Amino acid sequence: MIEYIYTDSKHNNPLCRVVPIENTQSLPRYDKEKYKEMILDAAETVLGLLGFDRTAYSNLKRNNGRRKWRWYEELREQRVRDIETEMF
Amino acid sequence: MTSCIGWLLDVSIDKDHANLLVKTEDGQILKLRDSYHPGFYVLPRNEVDALHLFQILSREEEIAVRWEENKFTNLFDSNEQRKLIHVQLRSLRYYQPLLKRLENHFEVNQLFNTDLLHVQQYLFTKLRIEPTSKMKVEYDGSKMLEIVKVDDEDDVNSPPFSLLYFDLHTYSGILASDDAIRVIKVRYEQNEVVFDNNEEKIILQQFSDYVHEKNPDIIVCMGDYDNGKVLRYLFARAEKIGFDLQLGRGRICISSSYRRSTYFDQFGFAGLIERARFGFLPLGMAAKYSITRLIDSRNCFELIQRGFVIPSRTHSIDNHEHIRTVEQIVSGDKGGMIISPQIGLHEDVLALDYDNEYANLIVNHNLSYETVGGEASKGLLPSIVERFLKRRLYFKMLQKELPRDSTEYVYCEQRVNLLKNILVCLYGSTGSLWNRYGNVLAFEEINRLSREVLIKTKDIVQQLGYDLVYADTDSVFIKTTNSARDYNDVIYTLSKETGLSLSVDYHYKFLVLLPLEADEKIEVLKHYFGITFDNELVVRGIEIRRHDIPAFIKRFQTQLLYALFDCKDSSEILTEGYENALLLVTQAIDTIMTGEGLDDKDLIISKLLRQDIQKYRSLFPHVSAAIQSRKHPLKVT
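Sequence order for the protein chains is A and B. Sequential numbering of the first sequence, starting at 1, is according to this note's numbering. Sequential numbering of the second sequence, starting at 1, is according to this note's numbering.
A couple of the hints might just be wrong.
What the hints assert, rightly or not - Calculated lysine-lysine pairs in the DSS-like style (CA-CA distance at most 30 Å, straight line):
#, chain 1, residue 1, chain 2, residue 2
1, A, Lys32, B, Lys420
2, B, Lys334, B, Lys420
3, B, Lys31, B, Lys149
4, A, Lys36, B, Lys607
5, B, Lys134, B, Lys390
6, B, Lys607, A, Lys34
7, B, Lys554, A, Lys10
8, B, Lys149, B, Lys229
9, B, Lys601, A, Lys32
10, B, Lys334, B, Lys479
I should point out that these hints are in silico values taken from the structure, not numbers from a laboratory. None of the values given here were measured: they were computed from a predicted structure.
Using the sequences and the hints, build the whole thing.
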């Protein structure tokens, strides 16, 4: 079992996106935007059928209120970042 | 001659004897010996060969042979009784050579009972008492004279076997004989001890002394390695550094994994006891055996008691699949039935479950490997299922009477869960290739009957004026628009017409059946949330249920659901409830952005590493975290 928090989910280096939580360690700075997205995901699951629009709370571009292709966009962005890191 | 009452802790075969470990009522361990002569059955090619073979085998000093009439050799043909040669050896050491000789002998058609382990042969044919059972034993010195089972079937408590847990850590984190032991952590009852020293010999000495002092019956190896590997490492390491490691008398050794993947982790100690008794196997084996092997063991035991002999797996494989046309396979090879959910918000919904539907269908319709297609006498599968179904119902009823914080309640729950697992797998393995007696037709017939039940259920529900909003295999969600009606009539009618008992799973005040996340027009199974009239939230397939979601998000979603459902009717949910929920979303975002009122643990995500870090090909967040962690350092090889 591994415990971690997001510190910078958009960092180029995957190893810098999260920090493991060890027993003795205090909580490091967390990635507010990432956790905000998690809140919106949870809210969308419950309220989506009632017309909940996450874009009203999010900085993300409007995507018709659906998460349909977000995973793909995130994956693509991450891939681009990884390639950039490799090139650097 | 002495006698005592105790529990059968372990059975093993050693040379020409069976060794029994008995834990007596006064906490002592008795080591007893019983004679054991391994044996098997031979089906000769024809009568002439039979006489010749019998003569040859009779001449050998170490073998006792006799004719056995009326032995059933084929489960699928109960009229087929054969005359077999029963070969019994005086000693275990002649067993394998003789078996090899006969396997290739031109006069031998087939051998039986050769797949069984010696301990199974002893338990099935001589002792006939399930390991871990309570019994009265008479003995003279170490020689066992007589043993009689004492009925403890209804006792919810586990036998009084003592357990010692130990967790071994090396400097490198892996178990290779070159790696030294860094620390051994031990837990016995409520006490935890850590043996930590720069000198490995001292750690081993302290551990050995502790085991001798506490004298446990069962040693539980914690960690991600199998107990066999841990013990092999421990003794190899001790030998390497010149330490004579002694762990005392014969103890059972079982595994407990950090990933909670062993049967002991999943079902607890009482569950393990149930496994041993069901499989008719010693505890150590029951802790390791896969469910198909466990079921096979039970099947073999039951059949031997009925006068059958057990064919080897290679001879049984023909039963599994039958030659059929593609059309027959397509029409028959279907699983349970699902009626798609009606997406949206529903009011006053009753979720009904058929109690142990598949097990009851097997018993009610006498569905077994050998009975599908017309056999009238009671089949093997229904007789096993019936016994363990009754046992599960007994513990389920008992559990309701027990206080939730009692040890008995926990044991009861473990037994109920394990028995459910067995009953489900008894059905699930009916068509399995790994099942010695597996028959796809039996599996398909059970599924067909369950589909029939669901279709009948749908018809009855609709005839009575209710709406069926969702149904999945053995559970149905029904609702009525007439609030004056109660649901008792539909429950009564369904039970009467199907011959199966139903119970109310939940009575929802509000229920939301969700669409597929990727497309709101497509309904999705097992994704819903609702609140009962008792104000209990019931959720399936959403964030609250996931393990890798931070506590803060789970708490937020729970509050969101309560806020949404805190309404009189669905129209109020769409207005007032929705507004209250939106307010909560804003508050939760504020909390995250400011960090006020957030606890350290609120944002932590927990995830299991399901394999060694080296095996991951992508740097998923939890893998990245594990690489950075001191607990799972990346090993350079």
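Hint check:
Under the criterion of a C-alpha separation no larger than 30 Å, the hint pairing A/Lys32 with B/Lys420 is inconsistent with the structure, at around 44 Å. Of the supplied pair hints, the one linking B/Lys334 and B/Lys420 holds, its CA atoms being roughly 23 Å apart against a limit of 30 Å. Taking the CA atoms of B/Lys31 and B/Lys149, the gap is about 18 Å. The hint holds against a cut of 30 Å. Only pairs whose Cα atoms come within 30 Å are accepted, and A/Lys36 paired with B/Lys607 is accepted, the gap being roughly 20 Å.
For the hint pairing B/Lys134 with B/Lys390, the CA-to-CA distance comes to about 20 Å; that is within 30 Å, so the pair holds. Our distance criterion of 30 Å between C-alpha atoms is met by B/Lys607 and A/Lys34, whose separation comes to about 17 Å. The hinted pair formed by B/Lys554 and A/Lys10 meets the criterion: a straight-line CA distance of about 23 Å does not exceed 30 Å. In summary, the hint linking B/Lys149 to B/Lys229 is not supported, as the alpha carbons are separated by about 35 Å, beyond the 30 Å threshold.
A distance of roughly 15 Å separates the Cα atoms of B/Lys601 and A/Lys32; the hinted pair therefore holds under the 30 Å criterion. With a C-alpha separation of about 28 Å, the suggested pairing of B/Lys334 with B/Lys479 holds against the 30 Å cut-off.
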